[in-house]
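A.B. asks: Sequence:
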Amino acid sequence: MPAHLARQAPRNYVGIISTVSCANDVAWRISQRVKGCATFLHGQGCCQTRPDLDLATRTLVSLGWNPNLAAVLVVSLGWESLSADLIADGIAQSGKPVEKVVIQRVGGATAAVTRGSREARKTRYGNFPNIFSIGPVL
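Using the working numbering, the letters of the sequence shown correspond one by one to residues 1 to 138.
Hints may be right or wrong, so weigh each one.
[Claimed, not checked] Distance windows between CB atoms, simulated:
(1) Arg118 to Pro51: 12 to 22 Å
(2) Lys122 to Pro51: 15 to 25 Å
(3) Gln48 to Asn12: 30 to 40 Å
(4) Gly43 to Gly78: 29 to 39 Å
(5) Arg58 to Gly95: 13 to 23 Å
(6) Thr49 to Asn12: 29 to 39 Å
(7) Ser21 to Arg50: 10 to 20 Å
(8) Gly107 to Pro51: 16 to 26 Å
(9) Arg118 to Thr49: 17 to 27 Å
Everything labelled a hint here was simulated from the structure, so no lab data went into it. For glycine and all other residues, C-beta sits at the position ideal for the given N, C-alpha and C.
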């Protein structure tokens, strides 16, 4: 069985994960525009020591591996210490679709909300394997 199917759940949410507190508002606004999103916000991402950054990265990747998430959108400001690429790559190892929106690359917060909403909708209503197994009744 593929690793991403080993932990089974309904998989009916798109996770919106912010990489830095400065991107929290954009992540939240995306989740308000697209039904079926679970938003993960935090106050980390800048001015941290390497051990703290490593812990925050592992935590955000672990959130992305949650079996209730069908797909994940990583929202980044663009200059923070936490790497959106490392987080997205770590989540992608679960086998689920992962997209990134970098606020500074797409032209600011409004453009990022528009782009992120489009990506979340695309992954929310994409074609995902619907695997559900029921064990024996005892």
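A.B. asks: Each hint needs a verdict: does it hold in this structure or not?
C.D. replies: Status of the hints after comparison with the structure:
{"no.": "1", "hint": "Arg118 to Pro51: 12 to 22 Å", "verdict": "violated (36 Å)"}
{"no.": "2", "hint": "Lys122 to Pro51: 15 to 25 Å", "verdict": "violated (36 Å)"}
{"no.": "3", "hint": "Gln48 to Asn12: 30 to 40 Å", "verdict": "holds (33 Å)"}
{"no.": "4", "hint": "Gly43 to Gly78: 29 to 39 Å", "verdict": "violated (18 Å)"}
{"no.": "5", "hint": "Arg58 to Gly95: 13 to 23 Å", "verdict": "holds (18 Å)"}
{"no.": "6", "hint": "Thr49 to Asn12: 29 to 39 Å", "verdict": "holds (37 Å)"}
{"no.": "7", "hint": "Ser21 to Arg50: 10 to 20 Å", "verdict": "holds (19 Å)"}
{"no.": "8", "hint": "Gly107 to Pro51: 16 to 26 Å", "verdict": "violated (34 Å)"}
{"no.": "9", "hint": "Arg118 to Thr49: 17 to 27 Å", "verdict": "violated (36 Å)"}
Of the numbered hints given earlier, the model fails hints 1, 2, 4, 8, 9; all others are met.
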